[in-house]
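Student: Letter by letter, the chains look like this.
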Amino acid sequence: MTGHAPMSSRRAWIGGALAALTLPAFAATAAAAGKPTGAETVALIGLADDPRHAARRLERAYPGHPAGRLLDAVQLGIADSEVGLRGSGRSLKIRDVLLPGLDALPAQLAQLRKERVGYWLLDLPAVGVTQALTAAGDAALLFNLSATQDSLRGAGCSAQLLHSMPSQSMLSDALAQYLAARSWRKAWVLHGPDPDDALLLQAWNRAAGRYGIRNIGVKAFKLSGDPRERELANTRLLTSDREHDVVVVLDGDGEFARTLPYATQQPRPVVGSNGLVALAWHPHWERNGGPQVSRRFRKLAGRAMSGQDWSAWIALRSIAAVLGELPSASVAEQASALRNGQVFVDGAKGPRLSYRAWDGQLRQPVFLSHGDGVIGVAPMDGVLHPLEQLDTLGVDRQESACKAMPK
Amino acid sequence: MPFSVKRPAARRDDQVRRKENRSIHPWKPLSQAVLTVLGALAVGAACAQSVYVSSEKDHKIHVFDAGGKLQTSIDTCQRPRDMKPSADGSRIYVVCGDSNQIGVIDRTAGKMIDRIQVADSPEIMDLSPDGKTAYVSIEDESVLAAYDLASRKTLFKVKTGGEPEGVLVTPDGKTAYVTSEDANVVHVIDLGGRKVVKDIKAGQRPRRFALSPDGKELWVSNELSASVSLIDTASRSVKATIKFVIDGMRASDITPVGIVLTRDGQTAWVSLGRANHVAEVDVASRKVRRTVLAGKRAWGLALSPDESTLYVSNGLSDDMTLIDTRAGKAIRTVPAGRVPHTPLVLR
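These protein sequence lines are chains R and G, in that order.
Taking the numbering used here, the leading residue of the first sequence gets 1, the next gets one more, and so forth.
Taking the numbering used here, the leading residue of the second sequence gets 1, the next gets one more, and so forth.
Chain R extracted, bound-state conformation (with noise of 0.2 Å):
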């Protein structure tokens, strides 16, 4: 746990909230007519040494990169819940397992698993999440919070492992159908050095093709001041093309990306990792109810939700959703259930929302923000599908590489 007496204090308020709330009759209700009850331990699995929540990049606050650990909204997740539960007896408790480094990640997982806790909530990296699969077997539902790696919903995918995190081709698809409805078709890529930054470039140069996008122009560019490196380096230099409409920047560590609008040569927008921004939340989102989730996250963790504060909520309330449905299922039931749309959870982002069979991924809404608010929400309208038009964000069930799907 964070030690932060202003949190603590808030956490024991909604503590004593829950209490309130709690009412005896119903849980003996429940109890009379044979279903299991009692609370369901959550645990949420993250790593102390996270290069993500470095103090000093929470500090940066990047768009679309984490505001700090998710345990705030696991809490916000489980209060939410509570009220819905309890004509089912069930209830949600959360076990914060915060880890020196990936190292302890064996250990911890084989204890969890033998303590049986039946839900898994993972803010890991990549590599995290698939030694948590392993560790897990059909053990355990699990969900992971934060990585959007596209290869963890592909080949690396499991029959119990959900995304309620956007993945990368989603994000990217959001802001590619953007630029196609407002006919900005021409777009200047730069891109950054690292592997991640390759894995951005993919997944865009994946959805420009979908969505007609052109790229005139593929350039990498490097954090330097060294003037024999001016033409990586300089904003201006790497932006004086006159032809094309956008700029799209791919910047997995955001740097960069931040000097870059209002920074170009031409007068043109920058999109992607800074500028305008493909996001699973926004805190200024005002519509579908999300200003009350956004108010009560914030009297909760004191801070603005983001999108991966998001993502952790709404696995909570996935869970409560499922148990709500099927409160004797088996978690193996439960995946199976949460997968073949048969629980619908609702994120206040407009329609309610299922895991998509083929790969685990919560199909969803993606907002396209700036650093104000919200001026576009993918799918965009007139974006054609066969059967669910939120299949257009993302990896659609005949392009899956996924092969693990829940019998």
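None of these hints come from the bench; they were simulated from the model.
Do not rely on the hints blindly, as some may be mistaken.
[Claimed, not checked] Computed spacing ranges between beta-carbons, pair by pair: (1) R:T41 / G:G173: 43 to 49 Å; (2) G:D75 / R:R287: 22 to 28 Å; (3) G:R194 / R:R287: 30 to 36 Å; (4) R:R230 / G:G248: 53 to 59 Å; (5) G:R194 / R:A54: 46 to 52 Å; (6) G:G248 / R:S330: 39 to 45 Å; (7) G:G248 / R:D372: 33 to 39 Å; (8) G:G248 / R:A198: 39 to 45 Å; (9) G:R194 / R:A61: 30 to 36 Å.
[What the hints assert, rightly or not] Derived EDC-like pairs: lysine to aspartate or glutamate, alpha-carbon spacing no greater than 16 Å straight-line: (10) G:K57 / G:D98; (11) R:K222 / R:E243; (12) R:K299 / G:D120; (13) G:K296 / R:D381.
Quick reminder that beta carbons are idealized off the backbone N, C-alpha and C, glycines included.
We have chain R already, so just place chain G on it with the hints.
Tutor: Just chain G now, with coordinates in the frame of chain R:
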């Protein structure tokens, strides 16, 4: 996969407008003037009525005549939403979501004469049968709060599930039904005992209510299930569900919110939100008789006193559609401020 970009929602909206600009009836322009006069008579029949529409983002109540002509606008507290008339009809109580108040409107003076402070982010309200107590859903605290309107005192609060919305007090004043959008339940609240006595599981994101004239059947709109649940008030359980289907639209585009029942209890009108339509439901057979095109995100509903006109507030096209309930056709659509919330028709 083929993806083409076009704008069906916008087009639907245009259709509404185009339709209005044409004649009222599809048959013959034989005498457009006569038809227009008939139309005016139809909506003007109960002549002295006024239609009040709370407008969330310009902090006003716009006042229209029966035919939808703007008469005046009344400044209110911040973000006016639900409205209820006082027992004698001389005042309107309006819930203000941003300034956390109930505004008191004097109808004769045409202005707000008082405001009562309430808890954080109030949304929907019902009054006790004697008109003395206001029961308000408080979104941010997840409670139903009761206020004494004369003394302005908070009488009590009852904890609900997340994002409470619809509030309906039974005619005997003993029970309140409250939806929790977040917990997907209808709470049955014993107002005397000041506690929840039953949670009834509804569809996804339950919103608002209507009660049958005999009090036996409670209708609840389920925004994300494209349905309404019919609750048997005696057994406090869901006895039927009506699903809405519109040709060419997916279930996810049909998001029911507003409900009104006619006085004879034979017809229900349900607004279908993002589907931009309202549905007319035959209560006895629980079948949809027809759907009528309104504006974008049709939510708020009100019937004229003679029930010949249905007023529909359209939150995303900032207008109000007038529907001739007999012909089942939109007569006209008029601008109604920024994000019109609730229409209220008073003589």
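Student: Next step is simple, just say for each hint if it's right about the structure.
Tutor: Taking the hints in turn, this is what the structure says about them:
| no. | hint | verdict |
| --- | --- | --- |
| 1 | R:T41 / G:G173: 43 to 49 Å | 44 Å, holds |
| 2 | G:D75 / R:R287: 22 to 28 Å | 25 Å, holds |
| 3 | G:R194 / R:R287: 30 to 36 Å | 33 Å, holds |
| 4 | R:R230 / G:G248: 53 to 59 Å | 56 Å, holds |
| 5 | G:R194 / R:A54: 46 to 52 Å | 50 Å, holds |
| 6 | G:G248 / R:S330: 39 to 45 Å | 40 Å, holds |
| 7 | G:G248 / R:D372: 33 to 39 Å | 36 Å, holds |
| 8 | G:G248 / R:A198: 39 to 45 Å | 42 Å, holds |
| 9 | G:R194 / R:A61: 30 to 36 Å | 44 Å, violated |
| 10 | G:K57 / G:D98 | 10 Å, holds |
| 11 | R:K222 / R:E243 | 23 Å, violated |
| 12 | R:K299 / G:D120 | 13 Å, holds |
| 13 | G:K296 / R:D381 | 13 Å, holds |
In this structure, the earlier hints numbered 9 and 11 are contradicted, and the remaining ones agree with it.
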